[in-house]
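A.B. asks: Generate the whole structure from the sequences, applying the supplied hints.
If you want the building blocks of each chain, they are given just below.
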Amino acid sequence: MSGYLAGIIAILSINVIFAYGIFLAVASGQLNLGGAGFQAVGAYAAGWLSANLGLPVALTLLAGAVVAGLVGVALAFPILRTRGVYLVLATFAFAEVVAGLILNTDALGGAMGMSVPGYVEWQVPMIGAVVVALLVFYLMTTRFGLTMRAIHDDEDVSDLMGVSIRNVKVAAFGVGAALAGLSGAFYAHNFGYIEAQGFNAMVSIYVLLYVLLGGTQTAWGPLVGAAFFTLLPEILREVLPAAKEVVVTLFGGVPDGSRPDESWRFVILGVLAVAFMAIRPEGLITRTMVERLSFRRRTAPGMKEATE
Amino acid sequence: MSGPILKLENLSKAFGAVQVIDDVSFEVPRGARMALIGPNGAGKTTIFNLMSGTYAPDRGRVIFDGRDITDLPSRKRIGLGLARSFQNIRLMPHLSVVENVMLGQQSRAGSLGAMLSPLGARSRWRRQAEALLADMNIDTYPGEVVATLPYGIRKKIEVVRALAAQPKLLMLDEPAAGLNPSETAALRDFLVQISEGGTTILIVEHDMGLVRSLCDRAVVLNFGRLIYDGSTRDVQKDPQVLEAYLGSRHAGEGVHA
Ligand SMILES: Nc1ncnc2c1ncn2[C@@H]1O[C@H](COP(=O)(O)OP(=O)(O)OP(=O)(O)O)[C@@H](O)[C@H]1O
Ligand SMILES: [Mg+2]
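So the sequence lines, in the order shown, correspond to chains A and B.
So the first sequence is residues 2 to 309, counted in this note's numbering.
So the second sequence is residues 307 to 563, counted in this note's numbering.
These are calculated hints, taken from the structure and not from any lab test.
Check the hints yourself; a few may be wrong.
SDA-like mimics (lysine to any residue), calculated; alpha carbons at most 25 Å apart, straight line [claimed, not checked]:
| hint | chain 1 | residue 1 | chain 2 | residue 2 |
| --- | --- | --- | --- | --- |
| 1 | B | LYS313 | A | VAL158 |
| 2 | B | LYS313 | B | ILE369 |
| 3 | B | LYS382 | A | THR143 |
| 4 | B | LYS382 | A | ARG82 |
| 5 | B | LYS382 | A | SER165 |
| 6 | B | LYS382 | A | PRO79 |
| 7 | B | LYS382 | A | ASP157 |
| 8 | B | LYS382 | A | PHE277 |
| 9 | B | LYS474 | A | VAL158 |
| 10 | B | LYS382 | A | GLU235 |
| 11 | B | LYS474 | A | SER165 |
| 12 | B | LYS382 | A | VAL74 |
| 13 | B | LYS474 | A | ILE166 |
| 14 | B | LYS382 | A | GLU156 |
| 15 | B | LYS382 | A | HIS153 |
| 16 | B | LYS382 | A | ASN168 |
| 17 | B | LYS382 | A | GLY101 |
| 18 | B | LYS382 | A | PHE78 |
| 19 | B | LYS382 | A | ARG84 |
| 20 | B | LYS382 | A | THR83 |
Now the stretches of chain B that chain A is said to cover, found in silico as 3 or more residues with beta-carbon under 8 Å [stated by the list, open to error]:
| hint | region |
| --- | --- |
| 21 | 328-337 |
| 22 | 446-457 |
Note that beta-carbon positions come from the ideal geometry of N, C-alpha and C, so glycine has one too.
C.D. replies: Laid out in structure tokens, this is it:
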């Protein structure tokens, strides 16, 4: 397999795991804009254990998830008291604190970053992504998933129905943080080098966008969102130069064969994000859509007619 | 256990300067079908909110099944057997019909094992919810979220969701509002059937026809005060009740309905 394709599959897998981590928080009504913080905790936990203690990758991956999960649970309790924009700000501030701590910790390489031994090839994060996707799909079929969605819809009535809002929210946020940490650990071992700048605010914003634009009602949402927005820039990378030539020719110019500015990819990404929100405010994949599709399949022609 | 299933003792609640509930005491006998009526704004829904723990009373106690639950967190009350429906539909819009009903079972299914087992087609929780819906002649509308369903159907699902908790006391806040006469008659028969199964019913309802045919006892609130506590047969002859309704803008809605 070409290095290019291997790289894309690796980053796609990492983004899918990352998106599922944020999805669990968002699906239970907690907008988590601190994704990069949890990813960094997982990446640095795995990287440090690998570089300093020489632990095997299987253990450092696990450790990345566990450490980030514990940090997530610790953060989830104070965050329970915040709502809406304050919740977003609190999680965002957390990620900034993590980045600041890493930059000022020599043992983690500070601003120089850190080399991570124990290289894993693309197959490893891919298997990780499949396992995580199956886990989240499973969780969403359980009563835990049902209560998460109920809390997302109406917290007060969920409480009156006997749902422990605190337990469900903390569990969802904590497991989500662990998945974000796991994605960071995969990243560390696949890229072999981590630095605080790699876990900046844009990373948190993008992953939250994947989830919101993909849809927060079903486990399909983050999968589709992460895949779409990871692959789109790569497709644009191919398509844009050709498109530029067409546009230049249309306006009577002579194509000079130069590549368009990279920033165009982000402009298109931004336009798409706004369009998505206008056209499908509940995300690309909604619950009704999945239900309709699977219902149609169950009662497809050729199958026995339903009795009523 | 004997004694009333519910006892309200000198409940008072003010919102700002407005005394919404003023020293209200009454009892709901075990197994009764009792109505809580009164003109708009009398405080009926507020009584429900005080019972379910949405609000804490300024004074007074709520005794349920012999236990003082005044300070019990709202979440724990449904598990004791106190379930309610809401006047303004409060179903979860993004859940399906069956999922909403399964949410109503939560007080019986909060253990870690129950939380982590799937609610697929073979789950006993799902089958129970479907059976309950079938009892009430409600289609499960597979593939639909409740947000898209007609008002009358959502109103009925509210009742079924409360029932899914298998409560001892079922509190219904205007369950017939927006139902047509045949739907109301069906609701009445269904509630009688539930009542015969041993569930106590406390119902807030403006439809006096339904109240009279369903309930033997009624308490009447006006401006947060209890003005009547007795049989439904005589309620419309009571001078204070008549005055409460006729003095209100909504006179026609209540007594003559
Ligand atoms: N949270 C609140 N804050 C302020 N005032 C409130 C609140 N809840 C209820 N009230 C007021 O308390 C009074 C009683 O309201 P409540 O909803 O209990 O009446 P009700 O008897 O259920 O009326 P209806 O028949 O219209 O449903 C009303 O005047 C209402 O405006
Ligand atoms: Mg009311």
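A.B. asks: Take the hints in turn and mark each one as holding or not.
C.D. replies: Do the hints match the structure? See the list:
no. : hint                     : verdict
1   : LYS313(B) with VAL158(A) : holds (24 Å)
2   : LYS313(B) with ILE369(B) : holds (5 Å)
3   : LYS382(B) with THR143(A) : holds (22 Å)
4   : LYS382(B) with ARG82(A)  : holds (20 Å)
5   : LYS382(B) with SER165(A) : holds (9 Å)
6   : LYS382(B) with PRO79(A)  : holds (23 Å)
7   : LYS382(B) with ASP157(A) : holds (13 Å)
8   : LYS382(B) with PHE277(A) : violated (41 Å)
9   : LYS474(B) with VAL158(A) : holds (19 Å)
10  : LYS382(B) with GLU235(A) : violated (52 Å)
11  : LYS474(B) with SER165(A) : holds (21 Å)
12  : LYS382(B) with VAL74(A)  : holds (24 Å)
13  : LYS474(B) with ILE166(A) : holds (24 Å)
14  : LYS382(B) with GLU156(A) : holds (15 Å)
15  : LYS382(B) with HIS153(A) : holds (20 Å)
16  : LYS382(B) with ASN168(A) : holds (14 Å)
17  : LYS382(B) with GLY101(A) : violated (42 Å)
18  : LYS382(B) with PHE78(A)  : holds (20 Å)
19  : LYS382(B) with ARG84(A)  : holds (23 Å)
20  : LYS382(B) with THR83(A)  : holds (23 Å)
21  : 328-337                  : violated (count 0)
22  : 446-457                  : holds (count 5)
Hint compliance for this structure: hints 8, 10, 17 and 21 are not met, and every other hint is.
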